[in-house]
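Enquirer: Here is what each chain is made of, one letter per residue.
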Amino acid sequence: MFENIGEIVLLFWRTLLALPQTWRQKDKVFDQFFEIGNASLLMVCVLSFFIGAVIALQTGPVLVERSLPSAVGGVVGIAIAKELAPVMMAILIAGRIGSAMAAEIGSMRVYQEIDALRTMNINPIHYLVLPRILAIAVALPMLVIFSVLVGWFGGAVVADLNHRMEIPFRVFFADLRDIVELKDVANGVFKSFCFAIIIGVVSCHQGLVTIGGPRGIGRSVTKAVVNSIVLIVIFDYILTRFLLK
Amino acid sequence: MGPSGSGKSVLLKHLIGLEEPDAGEIFINGEPLTTPEIAAKYRMALVFQSGALLNSLTVGENVGLYLTEHRLKSPEEVEKIVAEVLAAVGLKDAVDKMPSELSGGMKKRAAIARALVIEPQLILYDEPTSELDPLSAVVIGNEILDLNHRIHVTSLVVSHDRDLAFGVADRIAVMIDGQIVTVGTPDAVKNFNDLRVQEFLNADFKRER
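Protein chains in written order, with this note's numbering: chain B, 1066 to 1310; chain D, 586 to 794.
Don't read these hints as lab results, they were simulated from the structure.
Treat the hints with caution; some may be incorrect.
As the list claims (entries may be wrong) - Distance condition first, Cα-Cα at most 30 angstroms in a straight line; then the derived DSS-like pairs of lysine-lysine:
1) 598/D with 626/D
2) 1093/B with 598/D
3) 1288/B with 658/D
4) 1288/B with 1093/B
5) 658/D with 1093/B
6) 665/D with 1091/B
7) 665/D with 682/D
8) 658/D with 1091/B
9) 1091/B with 682/D
10) 1093/B with 665/D
Stated by the list, open to error - Residues from chain B that face chain D, not an exhaustive set, calculated with beta carbons under 8 angstroms:
11) 1180
12) 1183
13) 1187
14) 1192
Predicted model only: the values in this text are computed from it and were never measured.
C-beta: ideal position from N, C-alpha, C; glycine also.
Please work from the sequences and hints to get the whole structure.
Expert: Set out below in structure tokens:
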């Protein structure tokens, strides 16, 4: 395990050192970026709407019963912006994009394509890892901003339509604006940026250390997703506790 | 040449720097392979056993990859060079095809084309005729000889295919269990007095009639 952590940190460091190559690899970064966006936007939309809806449904009636209807907008707003949107989207992207990264790089490793790159003096970190990590580091925070907006909308719809709340749309958002600050959204977006780096580095690392045939690739994909999710949850606590108080 | 598992491909990977030796050193013209300038001085290319074309790129993109990634030529020049090199290996119609659409022999020829673009002084071939039918094997063997004469590139061919080895080689080294047992002209190797070498060279089916 410690060997893995060391390798992941080393890969991250090497990717940082490769940052000056970004302009050279810009086409690949754009390709990856659009792939992530295309693959995830609809899912992000559906997931965020229902997360917002269910949070309103779970917390709204309880708050209204205690004569706190004005807190519903704030609770839903904070929960989504600071916690649910960044974490749920990171988990979704780990499953959707992290798995694809590990599978693609893993199969390139198994079928000697990475060795072929090295014999041509093409650094696999510049060619494969850097574009993927940069693309996900930009795409995930953007998806999270989108998710926050859709989640709030989902919460507002349920708060308005549910007979145990009946908080009008405009009142919900006025309450939300009273409590939620731009800083709260920025916190969530910053966390998602860190999660994106985790997903990118862990998935690319798993791809690069793949051995064996198709079974090895499958194992790498599973490990990439599971390790990403575990690290996301651990780092979520650490970031929330120490950085974003 | 040598039997499977004797260490031929591992030696090849050491020569091109994909693996590092646990002990000992490799010299090219008296200079250790670890010298930083060596890569610029002696350009090498490896033709992998499987071809190892990048499956997500077209054949043309694969062949031009070295030039585009290192920004050595403009896109128009790359296109021209790729067309020339593919024509030289008889694949001029395959430029827009994906590697998955090629046969085994075509993949190997595309891999040779990709190696040629590097303009190497030394081409390393890893089992170039394995998995090929005899006719395709002859085409690849002729390709190796032709390149040798046309662009004066040195070829180091790893193979357990006796016909290929004796057909293309000026000198043959026989490797058994990680040791080079003998090096010499094809005739000298044929007559080398060692039981393991003779067993390998003369292995045949024994069919009772």
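Enquirer: Is the interface hint for residue 1187/B satisfied, with its Cβ closer than 8 angstroms to some Cβ of chain D?
Expert: 5 angstroms, holds
Enquirer: Report holds or violated for the interface hint on residue 1180/B, using the least CB-CB distance to chain D and a cut-off of 8 angstroms.
Expert: 5 angstroms, holds
Enquirer: Going straight from one Cα to the other, do residue 658/D and residue 1093/B come out at no more than 30 angstroms?
Expert: Given that 30 angstroms is the threshold and the Cα spacing comes to 19 angstroms, the pair holds.
Enquirer: When you check the alpha-carbon spacing of residue 1288/B and residue 658/D, does it fall within 30 angstroms?
Expert: Measuring from Cα to Cα gives roughly 40 angstroms; hence the hint is violated.
Enquirer: Do the alpha carbons of residue 1093/B and residue 598/D lie within 30 angstroms of each other, as the hint requires?
Expert: 29 angstroms, holds
Enquirer: Taking 30 angstroms as the top limit, are the C-alpha atoms of residue 665/D and residue 1091/B close enough?
Expert: 24 angstroms, holds
Enquirer: Are the Cα positions of residue 1093/B and residue 665/D separated by 30 angstroms at most?
Expert: Answer holds: residue 1093/B to residue 665/D is near 23 angstroms, not above 30 angstroms.
Enquirer: Hint check: residue 665/D vs residue 682/D, CA-CA at most 30 angstroms. Holds or violated?
Expert: 17 angstroms, holds
Enquirer: With chain D as the partner, please determine if residue 1183/B meets the hint condition of a C-beta pair closer than 8 angstroms.
Expert: 6 angstroms, holds
Enquirer: May I ask you to test the interface hint for residue 1192/B with respect to chain D, counting a Cβ-Cβ separation under 8 angstroms as satisfied?
Expert: Result: holds, 7 angstroms to nearest chain D Cβ.
Enquirer: Measure nothing beyond the straight line between the CA atoms of residue 1091/B and residue 682/D; if it is 30 angstroms or shorter, mark the hint as holding.
Expert: Answer holds: residue 1091/B to residue 682/D is near 25 angstroms, not above 30 angstroms.
Enquirer: With the threshold set at 30 angstroms, check whether the alpha-carbon distance from residue 598/D to residue 626/D stays at or below it.
Expert: At roughly 19 angstroms apart (the allowed maximum being 30 angstroms), residue 626/D and residue 598/D satisfy the hint.
Violated hints amount to a single one, hint 3; each of the other numbered hints is respected by the structure.
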